[in-house]
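Letter by letter, the chains look like this.
2 protein chains.
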Amino acid sequence: MSQEHKIYKPKPISGFPEWLPEYRAIELQWMDKLRAVFESYGFCSIETPSVEEVDALLAKGGDTEKEIYTLHRLQADAHEDKEARLALHFDLTVPLARYVAQHYNDLVFPFKRYQIQKSWRGERPQKGRFREFYQCDIDVINLDNLPLHFDAELPAVLFEAYQALHIPPVELHISNRKIVVGYLQGLGVKDVSFVTRELDKLDKLGVEKVTKILADSFGGNSALAKRCIDIVQTKWIEEAFTMLQNHPPSSLNQPSLEFNNLPILGPRANDLCMQGIAELKFVIANLSHLPKGSVIANPGIIRGLDYYTGTVVEVRFKGKPMAIGGGGRYDDLAGSFINQKLPGIGVSIGLTRLFSMLLDDGYIKPGPKSPTQILVVLPEEARRGEAATTANTLRNRGYNVELFHSDSKLKRQLAYAERKGIPYVWFPPFKDGQPHEVKNMLSGKQIHADPEKWAMKGTSR
Amino acid sequence: MSQEHKIYKPKPISGFPEWLPEYRAIELQWMDKLRAVFESYGFCSIETPSVEEVDALLAKGGDTEKEIYTLHRLQADAHEDKEARLALHFDLTVPLARYVAQHYNDLVFPFKRYQIQKSWRGERPQKGRFREFYQCDIDVINLDNLPLHFDAELPAVLFEAYQALHIPPVELHISNRKIVVGYLQGLGVKDVSFVTRELDKLDKLGVEKVTKILADSFGGNSALAKRCIDIVQTKWIEEAFTMLQNHPPSSLNQPSLEFNNLPILGPRANDLCMQGIAELKFVIANLSHLPKGSVIANPGIIRGLDYYTGTVVEVRFKGKPMAIGGGGRYDDLAGSFINQKLPGIGVSIGLTRLFSMLLDDGYIKPGPKSPTQILVVLPEEARRGEAATTANTLRNRGYNVELFHSDSKLKRQLAYAERKGIPYVWFPPFKDGQPHEVKNMLSGKQIHADPEKWAMKGTSR
Numbered sequence: 029m030s031q032e033h034k035i036y037k038p039k040p041i042s043g044f045p046e047w048l049p050e051y052r053a054i055e056l057q058w059m060d061k062l063r064a065v066f067e068s069y070g071f072c073s074i075e076t077p078s079v080e081e082v083d084a085l086l087a088k089g090g091d092t093e094k095e096i097y098t099l100h101r102l103q104a105d106a107h108e109d110k111e112a113r114l115a116l117h118f119d120l121t122v123p124l125a126r127y128v129a130q131h132y133n134d135l136v137f138p139f140k141r142y143q144i145q146k147s148w149r150g151e152r153p154q155k156g157r158f159r160e161f162y163q164c165d166i167d168v169i170n171l172d173n174l175p176l177h178f179d180a181e182l183p184a185v186l187f188e189a190y191q192a193l194h195i196p197p198v199e200l201h202i203s204n205r206k207i208v209v210g211y212l213q214g215l216g217v218k219d220v221s222f223v224t225r226e227l228d229k230l231d232k233l234g235v236e237k238v239t240k241i242l243a244d245s246f247g248g249n250s251a252l253a254k255r256c257i258d259i260v261q262t263k264w265i266e267e268a269f270t271m272l273q274n275h276p277p278s279s280l281n282q283p284s285l286e287f288n289n290l291p292i293l294g295p296r297a298n299d300l301c302m303q304g305i306a307e308l309k310f311v312i313a314n315l316s317h318l319p320k321g322s323v324i325a326n327p328g329i330i331r332g333l334d335y336y337t338g339t340v341v342e343v344r345f346k347g348k349p350m351a352i353g354g355g356g357r358y359d360d361l362a363g364s365f366i367n368q369k370l371p372g373i374g375v376s377i378g379l380t381r382l383f384s385m386l387l388d389d390g391y392i393k394p395g396p397k398s399p400t401q402i403l404v405v406l407p408e409e410a411r412r413g414e415a416a417t418t419a420n421t422l423r424n425r426g427y428n429v430e431l432f433h434s435d436s437k438l439k440r441q442l443a444y445a446e447r448k449g450i451p452y453v454w455f456p457p458f459k460d461g462q463p464h465e466v467k468n469m470l471s472g473k474q475i476h477a478d479p480e481k482w483a484m485k486g487t488s489r
Numbered sequence: 029m030s031q032e033h034k035i036y037k038p039k040p041i042s043g044f045p046e047w048l049p050e051y052r053a054i055e056l057q058w059m060d061k062l063r064a065v066f067e068s069y070g071f072c073s074i075e076t077p078s079v080e081e082v083d084a085l086l087a088k089g090g091d092t093e094k095e096i097y098t099l100h101r102l103q104a105d106a107h108e109d110k111e112a113r114l115a116l117h118f119d120l121t122v123p124l125a126r127y128v129a130q131h132y133n134d135l136v137f138p139f140k141r142y143q144i145q146k147s148w149r150g151e152r153p154q155k156g157r158f159r160e161f162y163q164c165d166i167d168v169i170n171l172d173n174l175p176l177h178f179d180a181e182l183p184a185v186l187f188e189a190y191q192a193l194h195i196p197p198v199e200l201h202i203s204n205r206k207i208v209v210g211y212l213q214g215l216g217v218k219d220v221s222f223v224t225r226e227l228d229k230l231d232k233l234g235v236e237k238v239t240k241i242l243a244d245s246f247g248g249n250s251a252l253a254k255r256c257i258d259i260v261q262t263k264w265i266e267e268a269f270t271m272l273q274n275h276p277p278s279s280l281n282q283p284s285l286e287f288n289n290l291p292i293l294g295p296r297a298n299d300l301c302m303q304g305i306a307e308l309k310f311v312i313a314n315l316s317h318l319p320k321g322s323v324i325a326n327p328g329i330i331r332g333l334d335y336y337t338g339t340v341v342e343v344r345f346k347g348k349p350m351a352i353g354g355g356g357r358y359d360d361l362a363g364s365f366i367n368q369k370l371p372g373i374g375v376s377i378g379l380t381r382l383f384s385m386l387l388d389d390g391y392i393k394p395g396p397k398s399p400t401q402i403l404v405v406l407p408e409e410a411r412r413g414e415a416a417t418t419a420n421t422l423r424n425r426g427y428n429v430e431l432f433h434s435d436s437k438l439k440r441q442l443a444y445a446e447r448k449g450i451p452y453v454w455f456p457p458f459k460d461g462q463p464h465e466v467k468n469m470l471s472g473k474q475i476h477a478d479p480e481k482w483a484m485k486g487t488s489r
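Protein sequences appear in the order of chains G and S.
The first sequence lines up with residues 29 to 489 when you count with my numbering.
The second sequence lines up with residues 29 to 489 when you count with my numbering.
For the record, the hints were derived by calculation from the structure and aren't laboratory data.
As the structure is a prediction and not an experimental result, all values here were calculated from the model.
Please note that the accuracy of each hint is not assured.
Claimed, not checked - Below, in silico cross-link-like pairs of lysine to aspartate or glutamate (DMTMM-like), each with a Cα-Cα straight-line distance of 25 Å or less:
1. S/229 / S/60
2. G/39 / S/60
3. G/393 / G/359
4. S/37 / G/172
5. G/61 / G/81
6. G/39 / S/93
7. G/37 / S/46
8. G/37 / S/93
9. S/146 / S/46
To be verified - Computed Cβ-Cβ distance ranges for the label pairs, DEER-style:
10. S/471 / G/408: 53 to 61 Å
11. G/322 / S/443: 34 to 42 Å
12. G/322 / S/157: 49 to 57 Å
13. S/360 / G/394: 27 to 35 Å
14. G/173 / S/39: 24 to 32 Å
15. S/233 / G/438: 48 to 56 Å
16. G/388 / S/151: 36 to 44 Å
Don't be surprised by glycine CBs; every beta carbon is placed ideally from N, CA and C.
With the sequences and hints as input, model every part of the structure.
As structure tokens, this is what we get:
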């Protein structure tokens, strides 16, 4: 062992998670399952570079600006200065908008894509905050007009995706931005963006605090502040739906004036608000095939991002307040890149956050440390040829097979299988004329077996 | 359309490739195939963060230093200065060494892992040079000692991986660093590293130029320079193998003196060189199951990286000089991180480079623009329920199914399937009592079909 050189002792980098093989195996399974669900609905895979030009990332503005990681060459030289500044993307939505604008002529619309990729945010290091994380996004983008049916399809796919992960049950909280925005306009609120942002903090700050912030911003008008908070309560929405009973989707854009009878809305309900309620009702109705109680019309769902213009959805564990996924409709996300209206709707799973949370909870159990299904033992060096042939035979039949690398004591070879969680150990003949045998490491049962015919129990391969 | 705001016209960023969906589908297929091959030999998946601390990346030194991309927050603040500097990794080998050192107590050795992940190098933008690219690496790392059998197993897995991609046939060029290093030591060469680096440039610079460079460095001794070049010619190695006929692996460390009879080596062949020849012979012999002519003992294979200490392998398209993959054995890669000898051997496929090269050659044909296998048409809005049920039935049977989003003219719905390359279009009943029908878009044949029973031809689902 060389002791001469300096040893750089490695340690974890805060916010940049990495897993041991037995947990990485589960993360990989999750991605496979998500991909299968997304593809089963016709979403294609794309991948964008990890970087965008800083100007492209800033085109959409927002609070994320200060968290952007820019790239610099360790030894910068002249040619770097002439080039555009590059930065790691902080989500997959801005890159999608850029991708669609750039490849506009080569895509078939409606363009349905999924993207399972890392994003980066230079947040302060803090428990549970990730600076590198996987997002799993699906979006549909169309030219000029995107049918409202997609507003129901995407949450349904999202719900199925969570179900496929076999995690605790989730529920979809759905609203429509038009409801709150239209209502606030109706109330005569001037800075609607400011009020929606504050309403979005209700869960965190509580009713009292938000009411005070709003009242202060209204010059002390706490009655108005209270009215603002009324709209994000869930209790009135079902009543509104009932009033819309006789409105088929075709009349969505001409909502009836009967809304004015709803106490909460009253004469203040403008067209935008009523359209939002009608759209939400339509979306909820089109999700009726999901399990009872798993879809909740919740006007309190705002979603922070400014670009949402219609349906907004949030995924939560049943009965828990925290969002573990979500998304919404945006009417003009690609608009900063191309002079063509490209409305879309997208939903996203914060995979790393979810995975890490369930890992910390002990909900996720480790998988095997190795994908090997069968370890072929090496009886002695002289029999390596036969052992290798056995391993090849089993591998060609579709199994994951490892040949033990040296003719160690049998006990050591079995211990290796045990420690790596390999479920079967195969014994090629130890002497001429002996049969092959295979041992189930879980049950301990050992039987004679033919490498050409033996079938592993409980595998679908 | 909003024309008010400034439009940021997106353009490709040199060196950061992205593919259209029909090519991304193929790239994804490639990764699936590589993963299946790697797992079939018992390699587990790991993923390391995209970043390492700069000090960790520099611990191994090398020429890549100036190409390292460091990260900075766009709006840096005080807390950043206190943290370690982060940089994107430039390969997957240094991160592996760090990973093994860091998780040493939680891993089972020999540790066999694969890693399919992006790396970054801040190279000058130039055609065919990538600044972001996928590498696919497999490595085995063991405590203290790694059996020589792995030196044959990893090239074999690598060969099978290339075969799985259905690309033009490749050949493995294999050597052992000990041969050249030992020989040069025997010649009395002082700066062996310098000479091997120059010998590695033979393909690029030609014999004449390299001879001159070496002769100059030897104070004009061109006879010595010529002798250096002799060793990297292929012609003598088979003769050397024949002389080793009677050396079983167990005598690898006591090579016979009969080597001295080889004209090229003569009395200058030191023990290290002879050991290299014996190891190479062993590796080649253990690859005899590969197709004839696909394994070549080639002492001209050097591989640039300084950390290789034994077997080195390079993959080339049959008869072509350019490397499309390779790797080798390293005895002390983790040594900068931990005070424990951790020898390993690893091989790597430069996936992005290979993919892009075959794309440019026109060898890779585009896949479908969508994973959808069946498009269910929407006869009319009133029949959406039945169409949706049909789509769900087919999807639950394992097919990738899309329901057309609006009751457009049938011609438009078929055109959508055509443009996305969807192979089957499903017609739910257009009137009560009518049967379902399905159309094969390739053959044009349309038949009656039951969504509960119909089976797609040529799919293994």
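Evaluated hints:
no., hint, verdict
1, S/229 / S/60, "35 Å, violated"
2, G/39 / S/60, "32 Å, violated"
3, G/393 / G/359, "41 Å, violated"
4, S/37 / G/172, "19 Å, holds"
5, G/61 / G/81, "32 Å, violated"
6, G/39 / S/93, "21 Å, holds"
7, G/37 / S/46, "36 Å, violated"
8, G/37 / S/93, "20 Å, holds"
9, S/146 / S/46, "13 Å, holds"
10, S/471 / G/408: 53 to 61 Å, "58 Å, holds"
11, G/322 / S/443: 34 to 42 Å, "36 Å, holds"
12, G/322 / S/157: 49 to 57 Å, "50 Å, holds"
13, S/360 / G/394: 27 to 35 Å, "31 Å, holds"
14, G/173 / S/39: 24 to 32 Å, "28 Å, holds"
15, S/233 / G/438: 48 to 56 Å, "54 Å, holds"
16, G/388 / S/151: 36 to 44 Å, "40 Å, holds"
Violated hints, in rising order: 1, 2, 3, 5 and 7; the structure is consistent with all others.
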